[in-house]
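S.K.: Chains as they are written, first to last, in full-length UniProt numbering: chain B, 1 to 293; chain R, 1 to 268; chain X, 1 to 421.
These aren't lab readings, by the way, just hints derived from the structure by calculation.
Misleading hints may appear alongside valid ones.
Covered, in the sense of this in silico footprint (three residues per stretch, anywhere, with C-beta under 8 Å from a C-beta of chain B), are these stretches of chain X [to be verified]:
1) 247-253
2) 282-289
A short list of chain X residues far from chain B (calculated; beta carbon distances all over 10 Å) [claimed, not checked]:
3) 97
4) 159
5) 178
6) 234
Just so we're clear, the structure is a prediction, and the values are computed from it rather than from any experiment.
Each residue gets a CB set at the ideal place from its N, CA and C atoms; glycine is no exception.
Listed below, chain by chain, are the residues.
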Amino acid sequence: MALLRRRRAIHGWLLLTPALVMLTTFAFYPSVATIWTSLWSRGTRRNPSEFVGTGNYQRIFDDPTFWTVAWNNILYAAVTIPVSIGLALVMALWANARIPARSFVRTAYFTPTMLPMIAAANLWLFFFTPGFGVLDQIGALFGAPSVNWLGQPETALWAVCIVTIWKEAGFFMIFYLAALQTIPPDLEEAADIEGASRWTYTRRVVLPLLMPTTLFILVNAMINSVKLIDHLFILTKGGPNDASKLMLYYIWENAFAFFDAPAAAAMTVLVLAVLGALAAFQFFVIDRRTHYR
Amino acid sequence: MSLLRHIEPLLALVLAVIWISPLVFAFWAAFHTSTDAVNFNLLAPWTLENFRTAWEGAPWLRYFLNSFLLVSSVLIGQFILCTLAGFAFAQVEFRGKDIVFVLVLLQLFILPEVLIVENYRIAVQLGLIDSILGIGAPYMASAFGIFLMRQAFKSVPRELDEMARVEGCSLLGVLWRVYVPAARPTYLAYALVSVSTHWNNFLWPLVVTNSDTTRPLTVGLSIFAAPENGVDISVISAATVMVIAPLLILFLIFQRQFVQAFLRAGIK
Amino acid sequence: MLRYASALTMLAASTVAVNPAAAEDVELTMYYPIAVGGPLTQVVDGIVAEFEAANPGISVEAIYAGNYDDTRIKALSALNSGDPAQLAVMFSIDAYDLIEQDLIVPFEEVIEGEEEQAWLDGFYPALMANGQIEGQTWGVPFQRSTIVAYYNKDMFRDAGLDPETAPQTWDDLVEMGRALTTDDRWGIMIPSTGYPYWMFQALAIQNGVELMADDGLSTNFTDPAVVEALEFWVALGQEHGVMPEGTIEWGTLRQAFLEGQTAMMWHSTGNLTAVKNNAEFDFGVAMLPENERRGSPTGGGNFYIFKDATEEERQAALELIKFMTSPEQAAKWSIETGYMGVSPAAYETEALQAYTEAFPPALVARDQLEVAVAEFSTFETARVREGLNNAIQAALTGTQSPEEALAEAQAAAERLLDAYR
Chain B
1 MALLRRRRAI HGWLLLTPAL VMLTTFAFYP SVATIWTSLW SRGTRRNPSE
51 FVGTGNYQRI FDDPTFWTVA WNNILYAAVT IPVSIGLALV MALWANARIP
101 ARSFVRTAYF TPTMLPMIAA ANLWLFFFTP GFGVLDQIGA LFGAPSVNWL
151 GQPETALWAV CIVTIWKEAG FFMIFYLAAL QTIPPDLEEA ADIEGASRWT
201 YTRRVVLPLL MPTTLFILVN AMINSVKLID HLFILTKGGP NDASKLMLYY
251 IWENAFAFFD APAAAAMTVL VLAVLGALAA FQFFVIDRRT HYR
Chain R
1 MSLLRHIEPL LALVLAVIWI SPLVFAFWAA FHTSTDAVNF NLLAPWTLEN
51 FRTAWEGAPW LRYFLNSFLL VSSVLIGQFI LCTLAGFAFA QVEFRGKDIV
101 FVLVLLQLFI LPEVLIVENY RIAVQLGLID SILGIGAPYM ASAFGIFLMR
151 QAFKSVPREL DEMARVEGCS LLGVLWRVYV PAARPTYLAY ALVSVSTHWN
201 NFLWPLVVTN SDTTRPLTVG LSIFAAPENG VDISVISAAT VMVIAPLLIL
251 FLIFQRQFVQ AFLRAGIK
Chain X
1 MLRYASALTM LAASTVAVNP AAAEDVELTM YYPIAVGGPL TQVVDGIVAE
51 FEAANPGISV EAIYAGNYDD TRIKALSALN SGDPAQLAVM FSIDAYDLIE
101 QDLIVPFEEV IEGEEEQAWL DGFYPALMAN GQIEGQTWGV PFQRSTIVAY
151 YNKDMFRDAG LDPETAPQTW DDLVEMGRAL TTDDRWGIMI PSTGYPYWMF
201 QALAIQNGVE LMADDGLSTN FTDPAVVEAL EFWVALGQEH GVMPEGTIEW
251 GTLRQAFLEG QTAMMWHSTG NLTAVKNNAE FDFGVAMLPE NERRGSPTGG
301 GNFYIFKDAT EEERQAALEL IKFMTSPEQA AKWSIETGYM GVSPAAYETE
351 ALQAYTEAFP PALVARDQLE VAVAEFSTFE TARVREGLNN AIQAALTGTQ
401 SPEEALAEAQ AAAERLLDAY R
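I would like the entire structure built from these sequences, with the hints used as guidance.
M.R.: Listed below in structure tokens is the structure:
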């Protein structure tokens, strides 16, 4: 018996080895190495690299751009997460209802999900361009003045958010749609018989049943608010005056445009800490709740 | 109340039209001269000139090939790694399994995108810079895939497993003969999600590729259409349409399967 | 050293002087950027193909890597990872950082003999300025530009202005801009994304000041004349109403000009051929106006040779660079793009003579060279530049006053440059 158990254990570990090697190489080791890198100064011809402890952290905390970028990212999350989840819910309710042209509506909502972010940014660039962009041309029909969407600090981040929402809402809709289809139809019939309005039915019956889905989407949306930055490369490059710069873009810029890997590593550590907190939230709060479902 | 019932479908339709409009505009602009496009000359003649200009402007064929090789190699890697690991987590009992599983799940949050600085360094050390394998490697052991395969394998009836063992199948034999066929729908779902993710991925490929011989479509498109180039709306629209066409056409044909795939992949 | 030099002579003799075809095959990888419109990758591929035909012993892989920043990132990434890269066209202003990172060799170490010295001395001095540091030449000019003013002559006529006279002074600029601005179009657009510091440097020079010191160790952003220059730029939009407020996109500006959104634009001369091929109206090109003096920074890309290249590769790289900067090729490049011919000899060639005779605007950038100044460049240049860019954008978008914004940029530059003093 003990022999069998040992053999099973060996099999188990053998099966896991390839995946664990890859995960260690590209996830666990680099996470730890990032912390290590963040403790050393950047080496140049005149100043070789040396151990500086929290010096790099001090440096980024003293960097006003870092705070602008952090704030931008919080705003980006605070706007894109609720709006795209809200829209996704509405879309799902509509796409699930008996309406004309339903399959067109569904396809239209979902299609942006299939596009690369870079392509999406290209499409939207022409909407935002002042003067001859689509938005301005439409505005001009109503006598609105030309708006420099990407060129003003007040609007640049919003323009970036709009593209993200456009890309995300349809994706999240799918999950709601799936959840809606698991709701037994007799619930709606029962509500009808009791004379409850559709709004009451949606609010009292549907939304609570969608709660686990919402939490799942929420976590995904939070991760995306860190990850989805590709469109910055096309739309604004973080400008004007850093008004639309997001954290991951700034990390990229530090590491690959300014050749300041230690600063980039220090910021990466901070981002990892945030993601870690998110993971804890997922494991300890959400998973526990869904168990009682 | 009945008013709302009539307005709602209309609103749904309006939103759908808004949602699809950037794509429609780009499609329309791609077939018109840039002057006609920016002036909304709806009656202007159609032209293929933009596609010719775009096509000649970059080695697109190479980019398509690179993207194709990329998604294939990632997919193969993911299938092998995730099948083995998922099977271990689902059907093999051994000590320490739960802890390792939690560790693996952590990777759902440690995104490869966030680790570009160190992953770049590792790719340099392993000689993976500017190679297709280098773009794909960090994604091959996907925690998500492992999780998915574990769920799929768990639902395979125990009897099938035991029957195969009685017939003298080895552990890997059982995996191959019983579990893999039983999980076919999950594989299909995961493949679709994986392909569309990596076809569209950008940041890491940007960092790790240096030349035309490895650049996938997204990176190729981004440097072709960089605003510094002095954007010509129509030509860029043509390039964009070209890049998104294959996946989009596939999506429109296999819409139902695609949506089902995303559902299966997303919901436990 | 002697041995080194004689080895070098022998190598040079074997690869270059005697017969390149007889030498062993050398493979070169060259990264290069493009920052203006048009199908320029094909032009570069064409030149490279010609070079390979003339030098059977050398094969060249030319890799287009995006804009100037992308190209630096990609070339250095290749070097980092041990992928081959022997030469690159990169920003003329990257020189300080490339030296600091110990990545490039001065051309004095690569050239041999009087003939090659003469070649090195044959470029326009103004174009050499950014590449000459610590007494040596680190970069050789290739796709070089100055900023020129493009204007729509039809609109000038329409506004009752003389279509042959572009604004000569800042006051002219404002006045004529006012006459040209209507409900449908702006008087002028000066781009403020992509390379805002470059446009700003032009204004500062015209106002009689330089933005940086020659040694790359200090900047001058808080000088009253510098602040005044930024105030002038801001006022074009906010006070005089001849330019849109907010930032103006570098990339879409050419199209805006071609679509008649603006009567004038300031842009790189590298756009000239693209404008010429696409303008459906009569347009003119002029030097930038003056305030205290005339002037524009030079801009664009230089050739660099990487230190990691072997002697043999360096010599082959030098051959390629000599070929691409030769008068005939420079003339061809200039005609295809609008970039300057990099040496006086280029303008002596029949091809460019004939071209400029038929199309005089092609000479404006060169004529402006006489008043041109080296482009803004310091140690830690990408970051110092980023700070300045942000200051300019903050002022243009009204987030900060020009004075505040520049003071912040100056403080940031001080912090960054301190380590190098």
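S.K.: How about the stretch 282-289 of chain X: do at least three of its residues have a C-beta closer than 8 Å to a C-beta of chain B?
M.R.: violated (count 0)
S.K.: Checking a non-interface call: every C-beta of chain B should be farther than 10 Å from the C-beta of residue 178 of chain X. Is that right?
M.R.: With a cut-off of 10 Å, residue 178 of chain X remains clear of chain B, as the shortest Cβ separation is near 19 Å.
S.K.: Are all beta-carbon distances from residue 97 of chain X to chain B longer than 10 Å?
M.R.: Given a closest Cβ separation of 8 Å, the condition is violated.
S.K.: Just double-check residue 159 of chain X for me: nearest Cβ-Cβ distance to chain B has to come out over 10 Å.
M.R.: holds, 19 Å
S.K.: At a Cβ distance under 8 Å, does chain B reach at least three residues of the stretch 247-253 of chain X?
M.R.: Coverage by chain B holds here, the residue count being 4 at a Cβ distance below 8 Å.
S.K.: Against chain B, does residue 234 of chain X keep a CB gap of more than 10 Å to every residue?
M.R.: holds, 13 Å
The structure shown violates the earlier hints numbered 2 and 3.
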